[in-house]
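Heads up: the protein sequence lines correspond to chains L and R, in order.
Just so it is clear: in the first sequence, position 225 is 225 by our numbering, and no numbers are missing.
Just so it is clear: in the second sequence, position 294 is 294 by our numbering, and no numbers are missing.
Keep in mind that the hints were calculated from the coordinates and are not lab data.
Watch out, some of these pointers could steer you wrong.
Have a look at the derived ranges for each label pair, beta carbon to beta carbon [said to hold, decoys possible]:
1. 232/R <-> 35/L: 35 to 45 Å
2. 93/L <-> 242/R: 27 to 37 Å
3. 266/R <-> 252/L: 19 to 29 Å
4. 242/R <-> 175/L: 29 to 39 Å
5. 178/R <-> 88/L: 38 to 48 Å
6. 90/R <-> 191/L: 52 to 62 Å
7. 183/L <-> 10/R: 29 to 39 Å
8. 191/L <-> 178/R: 52 to 62 Å
9. 171/R <-> 252/L: 22 to 32 Å
10. 182/L <-> 7/R: 24 to 34 Å
11. 35/L <-> 186/R: 41 to 51 Å
12. 280/R <-> 140/L: 16 to 26 Å
13. 306/R <-> 182/L: 37 to 47 Å
We put the CB at the ideal spot given by N, CA and C, even for glycine.
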Amino acid sequence: MSKKSIISVLTHSPGTTIGVALVAIHLLSALLGPLFIPYGPTELAGPSLLAPGSSGHALGTDVIGRDYLTRLVIGGRTSIFVAMLGALSAVVIGGLIGVSAAYIGGFYDDAIMRIVDTKLSIPGVLFVALCVVGFGRSIPVLTIVIAVNYMPGALRIIRSQALTQVPLDYVKSARLRGESKLAVIIRELCPNVLEVVVVEFALRTSSAILAVSALSFLGLGISPPTPDWGLMVYEGIRQIYIAPWLVLLPAFFISTLVIGLNFATDGLANALGLDAARGLY
Amino acid sequence: MLTTILRRIGLSLLILFLVSVLVFLSTEVLPGDALDVFLTADDLVTMEPEQIEALRRDFGLDKPAIWRFFQWLSGAVVGDFGVTFIDETPVSEVIWEPLLNSLLLGLVITIIAVPVALAIGSTTGYYRGRKPDAVVSSLAIIGYSIPDFVIGTLLIIFFAVWIPLFPALILVFADASVWELLKVSIMPAVTVIIGHVAHLSRLLRAGFIEAMNCEFIERARLSGVPEKRIVFRHALPAAVIPSLNSVALFIAGLLNGLIVIEKVFGYPGLGLQLIEAVDKREVHVVQAITFLGAVLVIGMNLLADLSIIILDPRVRSHKNE
Numbered sequence: 001m002s003k004k005s006i007i008s009v010l011t012h013s014p015g016t017t018i019g020v021a022l023v024a025i026h027l028l029s030a031l032l033g034p035l036f037i038p039y040g041p042t043e044l045a046g047p048s049l050l051a052p053g054s055s056g057h058a059l060g061t062d063v064i065g066r067d068y069l070t071r072l073v074i075g076g077r078t079s080i081f082v083a084m085l086g087a088l089s090a091v092v093i094g095g096l097i098g099v100s101a102a103y104i105g106g107f108y109d110d111a112i113m114r115i116v117d118t119k120l121s122i123p124g125v126l127f128v129a130l131c132v133v134g135f136g137r138s139i140p141v142l143t144i145v146i147a148v149n150y151m152p153g154a155l156r157i158i159r160s161q162a163l164t165q166v167p168l169d170y171v172k173s174a175r176l177r178g179e180s181k182l183a184v185i186i187r188e189l190c191p192n193v194l195e196v197v198v199v200e201f202a203l204r205t206s207s208a209i210l211a212v213s214a215l216s217f218l219g220l221g222i223s224p225p226t227p228d229w230g231l232m233v234y235e236g237i238r239q240i241y242i243a244p245w246l247v248l249l250p251a252f253f254i255s256t257l258v259i260g261l262n263f264a265t266d267g268l269a270n271a272l273g274l275d276a277a278r279g280l281y
Numbered sequence: 001m002l003t004t005i006l007r008r009i010g011l012s013l014l015i016l017f018l019v020s021v022l023v024f025l026s027t028e029v030l031p032g033d034a035l036d037v038f039l040t041a042d043d044l045v046t047m048e049p050e051q052i053e054a055l056r057r058d059f060g061l062d063k064p065a066i067w068r069f070f071q072w073l074s075g076a077v078v079g080d081f082g083v084t085f086i087d088e089t090p091v092s093e094v095i096w097e098p099l100l101n102s103l104l105l106g107l108v109i110t111i112i113a114v115p116v117a118l119a120i121g122s123t124t125g126y127y128r129g130r131k132p133d134a135v136v137s138s139l140a141i142i143g144y145s146i147p148d149f150v151i152g153t154l155l156i157i158f159f160a161v162w163i164p165l166f167p168a169l170i171l172v173f174a175d176a177s178v179w180e181l182l183k184v185s186i187m188p189a190v191t192v193i194i195g196h197v198a199h200l201s202r203l204l205r206a207g208f209i210e211a212m213n214c215e216f217i218e219r220a221r222l223s224g225v226p227e228k229r230i231v232f233r234h235a236l237p238a239a240v241i242p243s244l245n246s247v248a249l250f251i252a253g254l255l256n257g258l259i260v261i262e263k264v265f266g267y268p269g270l271g272l273q274l275i276e277a278v279d280k281r282e283v284h285v286v287q288a289i290t291f292l293g294a295v296l297v298i299g300m301n302l303l304a305d306l307s308i309i310i311l312d313p314r315v316r317s318h319k320n321e
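Only chain L is shown next, with the shape it has when bound in the complex (with noise of 0.2 Å):
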């Protein structure tokens, strides 16, 4: 894809530009914002429940007085990085596994469907709550049940999408000019599909994150002190009615990146002829 390309596709409509500026403020934010702000994350930096608008600390502090906006800026990351790590592997090792299993077919293709069914009829939720009793939580368990999870989902679309170019002249030359079949999935089949998992990876990475702070929300993801949007409008629950920006402004800031996520991934799809609202969960 050329570089203009890619220019009007993330500004092809109003919609989409609205989602990518607010997917880059994001990242931005938590990337470069602790630059900014003098507190620590996990820092006492003051009286406990101070309002949004307090000298120093421009949107309060919390219930035991650490900086909110530092704690807002940073309380993405940790989700952020999760969502996409687990994401990234999801669609990679899931569509490795599925156009493999497109081109190969037979037994193998049988197999691993079956399996991909199996995972795909246990709720995400209950599986996530399923490892946690049998790992424990913690971060590298959390990216990995963040893959295991989205790659059946992944491994599907991306099979479909590999098996209507199995039966294409490109691919029946390569097999007949004696190419390997591992040649062949790598080098010939992979990069037709790259469109298809470009947009699994943005819908899983958009999913990832809602699932890492509704699980975190739950006390299955992220654990406290480390600050997250989940966590951090659960904690703010039992001060509602003293202190309701506990709640409004992490949800605010998760509620407006996921919107931002979805608008640009629905922008890209749409770009590339795909419905973006196909094949989530």
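Following the hints, position chain R against chain L.
Positioned in the frame of chain L, the structure of chain R alone reads:
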């Protein structure tokens, strides 16, 4: 058609079997074995080795894993999921009331959400690319982008804190009457409906657009069938029947939403039970709930596929599949 149906049922049973293997394995990978969860560190020091051995026998831990798996599975298919570690009540007893409560909440949501999503999906699909579609589609994206727990918490802030119409926290016991539960289920139901209607209507919109692009719609138009009849008698069934799969997926997704939202509002359902069980490492309860969730999803998918096979003339007349 009969062989197709039988094969589809067989496939569901196979998947159910694989799911139960996975669910059972989750306890096998635990560091140590089930005893370590059951016994505290003090117990391990004070108890005689013979006592611990006796307990192992009671739990069946001296038997091979495969034996225990079939033991567990034969119990699970008749609703016997073992006992809790803490006071040895049967798991089925622990989860029965919450299960009914969650089913009630899920039913309320499904009855409202599916028709609403169908109406929105077909309308936006019909006006595809025009203003109403653009506006509603954008709203739909926003709807399913906001996490369930955020929508729920916002509703609490608006309708419990600022305008005190509802209690912020549901204080109803698991064995409350249906009427009491329905009264408190308004806010949780609305919360889940917002996000899930947004999602389901997007899927149904895609199905409707696909149906409207079919050749037979064009032919009906050319032969002068009124537009209204085309939409309701031709396009809608052609869109809805393949979308039954999406509805099945929707119900699966609903489970995730229910778990989160029960925690937000304190609704005494299976989700709340699950979180509690994870905290207490009640492996048998988590296993049971996961197993039941998978049974529901597999059952829904089977139901959707069978309905499609029976209802859809395009699939029905197809000889091979």
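Okay, the hints, checked on the actual structure:
Distance hint check: the CB atoms of residue 232/R and residue 35/L are about 60 Å apart, inconsistent with the given range 35 to 45 Å. A hinted range of 27 to 37 Å holds for the C-beta pair residue 93/L and residue 242/R, which are about 30 Å apart. At about 24 Å, the beta-carbon gap between residue 266/R and residue 252/L stays in the expected band of 19 to 29 Å. Evaluation of the 29 to 39 Å hint for residue 242/R and residue 175/L yields a pass: the beta carbon distance comes to about 34 Å.
Residue 178/R and residue 88/L have their C-beta atoms about 46 Å apart, which keeps the hinted 38 to 48 Å range intact. A hinted range of 52 to 62 Å for the beta carbons of residue 90/R and residue 191/L is consistent with their spacing of about 56 Å. The hinted range of 29 to 39 Å is satisfied by residue 183/L and residue 10/R, whose Cβ atoms lie roughly 37 Å apart. For the hinted restraint 52 to 62 Å between residue 191/L and residue 178/R, the CB-CB distance of approximately 57 Å keeps it satisfied.
One distance hint, 22 to 32 Å for the beta-carbon pair residue 171/R and residue 252/L, holds here, with the actual separation near 29 Å. The beta-carbon spacing between residue 182/L and residue 7/R, approximately 33 Å, falls within the hinted interval of 24 to 34 Å. For residue 35/L and residue 186/R, the Cβ-Cβ distance of about 46 Å falls inside the hinted range of 41 to 51 Å, so the restraint holds. Between residue 280/R and residue 140/L the C-beta distance comes to about 24 Å, which sits within the given range of 16 to 26 Å.
In this structure, residue 306/R and residue 182/L meet the distance hint of 37 to 47 Å, their C-beta atoms being roughly 40 Å apart.
When held up to the earlier numbered hints, the structure conflicts with hint 1 and nothing else.
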